[in-house]
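K.L.:
What follows is the residue order along each chain.
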Amino acid sequence: MKNALKLLRRLVVGMFLVCLLLPVLDLIILFSFTVKYAGNGSPYTMAEEVASGLSETESGYALSPQLQESLAEAGAWAMLIQSGTGQVVWHTEDLPAEIPLSYSASDIASLTRGYVQDYPTFPASRGGDVVVAGYPKESFWKHMYPSWDRGLIEILPPLAAVIILADIGVVILIYLVTDMKLLKSVGPIVDGIEKLSKGRTAYIRKKGLLSEIAQSVNKTSEILQARNRELRKKETARANWIAGVSHDIRTPLSMVMGYAAQLADSPHLSGEERKKAQVICSQSQRMKNLINDLNLASKLEYNMQPVDRESVSLVSLMRRTVVDFLNMDAEGKYPMEWLTGKDVPACFVYADAALLSRAAGNLIQNSMNHNPEGCTIYVTVEQQETTCSVTIEDDGAGVTEEKLEELDNAPHYMMCDENVTGQRHGLGLLIVRQIAQVHGGRMDVGHSEKGGFAVRVELPLAAERG
Amino acid sequence: MDTEYLKGKRILLVDDEEELLDMVCSILMEEGYRHIQRAGTVREALEAAADLQPELAILDVMLPDGDGFSLFEKLKQMGDYPVLFLTARGEDEDKFKGLGLGADDYMVKPFLPKELTLRVGVILRRSYKNETPLVRLAGSQIDFQRAEVLKEGEHIPLTAKEFEILSALCRNAGKIVTIDSLCEAAWGDNPFGYENSLMAHIRRIREKIEKDPSHPASLVTVKGLGYKLMVEGK
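Taken in sequence, the protein lines are chains Z and E.
Numbered as in this note's numbering, the first sequence ends at 466 without a single skipped number.
Numbered as in this note's numbering, the second sequence ends at 1234 without a single skipped number.
Hints may contain errors.
Claimed, not checked - Distance windows between CB atoms, simulated:
# : chain 1 : residue 1 : chain 2 : residue 2 : range
1 : Z       : LEU231    : E       : SER1127   : 47 to 57 Å
2 : Z       : GLY271    : E       : LYS1114   : 17 to 27 Å
3 : Z       : ARG309    : E       : THR1041   : 30 to 40 Å
Stated by the list, open to error - In silico lysine-lysine, DSS-like type, Cα no more than 27 Å apart, as pairs:
#  : chain 1 : residue 1 : chain 2 : residue 2
4  : Z       : LYS450    : E       : LYS1223
5  : Z       : LYS342    : E       : LYS1223
6  : E       : LYS1175   : Z       : LYS333
7  : Z       : LYS6      : Z       : LYS207
8  : E       : LYS1114   : Z       : LYS276
9  : E       : LYS1095   : Z       : LYS299
10 : E       : LYS1223   : E       : LYS1208
11 : E       : LYS1114   : Z       : LYS333
12 : Z       : LYS342    : E       : LYS1175
The set of hints was computed from the structure by calculation and includes no laboratory data.
Given the structure is predicted, the values throughout are model-derived calculations rather than measurements.
Cβ atoms here follow ideal geometry from the backbone N, Cα and C, with glycine treated the same way.
The following block holds chain E by itself, in its conformation from the complex (with noise of 0.2 Å):
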């Protein structure tokens, strides 16, 4: 998948400890993120975002003069974009205010650089999706925004729940969703007996977007576990 248009997106970056600061910003350019902004408080982080419109911010808990969670709400008043906290509060109570407060994502210190950078991939992916091309696999392509399968020159459209069950699987391409968490996405918050239903869907699925179904190269079983979305590039 092409992630190349993500790099460009504006990063605020808050953090009280300037060395770290350093070490953030590094890891992130090296990944090739190219509009880093740094903040050390509270005021300059709001000064920053007036100023540069970020795109996302990453935000630690502790600062200065105030704190991440008022920050963050702060924030969000000014502009509606995704905020990941890095902060070294640890405890599940810190985790699930800042995710309650509807942050993106929430990491503990310490931290290793490439969770840090796929972390933010993830993020931006899922919040800037609508850029998305294409996504391609062995035997199609599938168009997200048409909803709908290009096979061999053939557009073939996408039911609701198909769909749903397909971003699912691509926002997380290469790696496997629980049966679980994509009965979850088709059906909503108490999804437990849907199981032989999933596997319905994922039999059309595949028929709709493989070259031969009974042999899948794109969708791919995990035995008891659920499914992989093999993507082209990934």
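So here's chain Z without its partners, still in its complex pose (with noise of 0.2 Å):
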């Protein structure tokens, strides 16, 4: 529902928006048109400068030229009504012939608020005298009982607020009403993609106005589901049959392997043979450790998760690990040593500790595969706020940048979808990564201080134990 809220505030802003911009946009629009109209000046200001610049002479009275011209142009006339007489005393010379040239007081209050025979009139006065500027009928509207209710005038901005906020008030209740309308039926539409986009299933009930969007919802889903599942099978028949020719390997080989050792170390076979013989069996053993890799591998990376995890020492892991290989080291061809420091703490782990210990004895047979003249190894576990880490690197060959590269980047034949042509790499680091991520751990590679080749594979300390 965090989704529909966010419409929703949406929604009402917009709202607010629209009603702010519209009446900018109304005066705006009155503003361009009135301008026009505003350009012809006030009928009242042309009467009050016709007042002003009507000059008294000996022959009666003159108006300017320029004052004429600007009447003319109005298509306006005007005249001079004699007060006490109610004579027209002067006029300008396109005086229409149906006015009057004489008025009574009530005429010329007739004609200051309307109308001389329809022509809209405008009074200004002149001394005691009054100027009349008359337009052409129907130039002007002349509102002709302006009067208001004092108290009407002084309650007007209140309630012209009142009035504002109501509507808003309406507009916003109309509006939530639809909305809502709209959400409820938007609300369970996207939870449903959001959990679709989890993988999840989706079912919507077609109901309210978007019952075709929810239909196809449910419909994706179903899809979805149906191929998950054949995926599934797919993958677990993978795993199985993996786990199936492994496990019927192993008989076969053990015989090969068996009297090739038992070949190696005959008296009766030159040293010539005993060697052809010690091959078959290391070679028989590369292929044992690699059918081992494969079913692992390919059990960490189907549906398999460890099974077993408890919380586990990983110092005290580790040292057993190291000194597995130690003991099995009779040559000392790979001399090791324990760099943790003495002051690390057990360092408890959540985890499967026959999945670690498998991780570190790749790491560690991965060194002594890749330096056959025999190297130094190193191993250090540490402990930071919330992980604890395990590296293991070697003063051997190492490996270079490109190799790095790669072995960070480039997808392992095994999951890789497409052909792959190029050298292929062992199993080993790639059951480690996965072990460290089945862990909710990871692996860098990188080079070792030492001068070697460096692994160090990083896992979150169980939270009980801290």
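Given two chains presented individually in distinct reference frames, assemble the corresponding complex, making use of the accompanying hints.
P.N.:
In structure tokens, the structure reads:
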């Protein structure tokens, strides 16, 4: 529902913006239209100007030619009504014939707020007399009874505010009601799509405005689930197949290996023959390792998770793994140094001990395989704030930058969906990475300060033991 | 350590592959074991067990007329002797099942002859250690039956903890035993935090077994990892 709230907020903000923008837009339109009428000047001003521009001469009255011109431009005429007599004592040449030339007081009152013979008229005083400017018919509309209750005028601003607020309220209400309806039907769809993206089943009730979309989401979910089932079936079949093959190959390989080892030690054979037997033996051992690795890698890759997780001391486990190797290395070709500090705590991790031991074993074996002339192997366990790490490094041949890059980035052929033709590397490191990953950790490869290859596996500390 | 007496132990070998039986037989005989009985099925195995009274059984898990796990349980009812599973089933679950039932070891095929003979030797030594004579060290001898050390004609008794630690080291004579395994041997299931006590005990053991305790010749420290007991003739 988090997304729905976000959506709602957006809609409301959008509505407010619309409410603000509309009046502004209206004002702009109004202004751009009225600006051209405003150019005419006020007719009252015109009357005032005529009143002041009218000069009394010996022969009567005279209007400045400039004013005459602006009157003519507006199509207006003007006249001067004498106070007391009500007689028109002066007027412009173009005074329409139907305009009377004599006015009573009531006529003047009427022309002040209205019209003379439908000509809109605008008065201005000149001394005691009245100048009247008349404009063509239907050029102006005059408000003839302009009077309001004073009280009404006084409450007008608050009243307007209340009305506007009420309007906004009504608009919000309408918006909310319609949007909530929409949101109500959008919400489950959003949830459903979120579930789909996490690979879970989504089922949305087909109700409301968006039932068609709901139906499509449901259908998509069904298709995805069906595909996933198919995929899982295939993956399980593949893992089982690998497990089966590696099982069936063990017994024949036992005999190859066993007899080859016996022949390699046989006193009846020549040195050359014993050497050959030794090669058969060591190669069948490689096959054995490969089978083990292949089986584990396929299990780790497909649906299998470490089953036997428990709180394990990483320090103790690594110590045992190192000692196992030391006890096996009869020739002393691969001395190992334990560089873990004395103050390092037990480093409890929640893990499958057999898998972790396997990972460390793979790394140690890896160092041995790449340094057939022998090398020293260094093992360090460290504890960080929320993680602990094992670093296994050697002072042997090491790796080139390109190889490092490849180890970091190139997908292993087992995981690769393309046909791989390049050189294939072993499963050892891949398994270590997989083991680190199923435990929520990571593996980094790099150069060792000791001169050779270094691998660091970092694992989260078990929560309950700190 | 004298292990010649172990070569006379009666061994029962069960596997459905005739050729594998041949090979394992030849490996064990080459090592010096003299009494080996073979069986290809559960039925044969039970008959042979009743007949032979084996002192060690090496079992395959998949047999034509049953599985090795149930055979194991039947054999255990007939007599108490160590059992080693030797099987192509390499799954961890199988391994745990086998060891969980009480098997002494679990080996996955394929294997090197050396590994088999070493493991068989370890199991036999562990199971029949009561017959073990004195353990000869560079400067002394350990008599586990009496829990004492013989040094320069003197009998020095071992405390319970020292006895446990020394037995653990002696079982793996010539090999490194980790600090953790030693603590576990002496203090049991939750052996964390005993490292300093262990060092104290090791010091006292050295005083008892070494000629020159400050330059140990028999009980050797492997820095950071553990200790190793050097036994004469190993």
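K.L.:
Run every hint past the structure and note whether it holds.
P.N.:
A quick look at each hint next to the structure:
1. Z:LEU231 / E:SER1127: 47 to 57 Å: Because 50 Å falls inside the window, the suggested range holds.
2. Z:GLY271 / E:LYS1114: 17 to 27 Å: At 20 Å between Cβs, range holds.
3. Z:ARG309 / E:THR1041: 30 to 40 Å: holds, 39 Å
4. Z:LYS450 / E:LYS1223: holds, 19 Å
5. Z:LYS342 / E:LYS1223: holds, 10 Å
6. E:LYS1175 / Z:LYS333: holds, 16 Å
7. Z:LYS6 / Z:LYS207: holds, 22 Å
8. E:LYS1114 / Z:LYS276: Since the Cα atoms of LYS1114 (chain E) and LYS276 (chain Z) sit roughly 18 Å apart, the hinted pair holds (cutoff 27 Å).
9. E:LYS1095 / Z:LYS299: holds, 16 Å
10. E:LYS1223 / E:LYS1208: Roughly 22 Å separates the two Cα atoms, so the pair holds.
11. E:LYS1114 / Z:LYS333: holds, 19 Å
12. Z:LYS342 / E:LYS1175: Distance of about 22 Å is within 27 Å: holds.
Every hint, counting from the list given before, is met by this structure.
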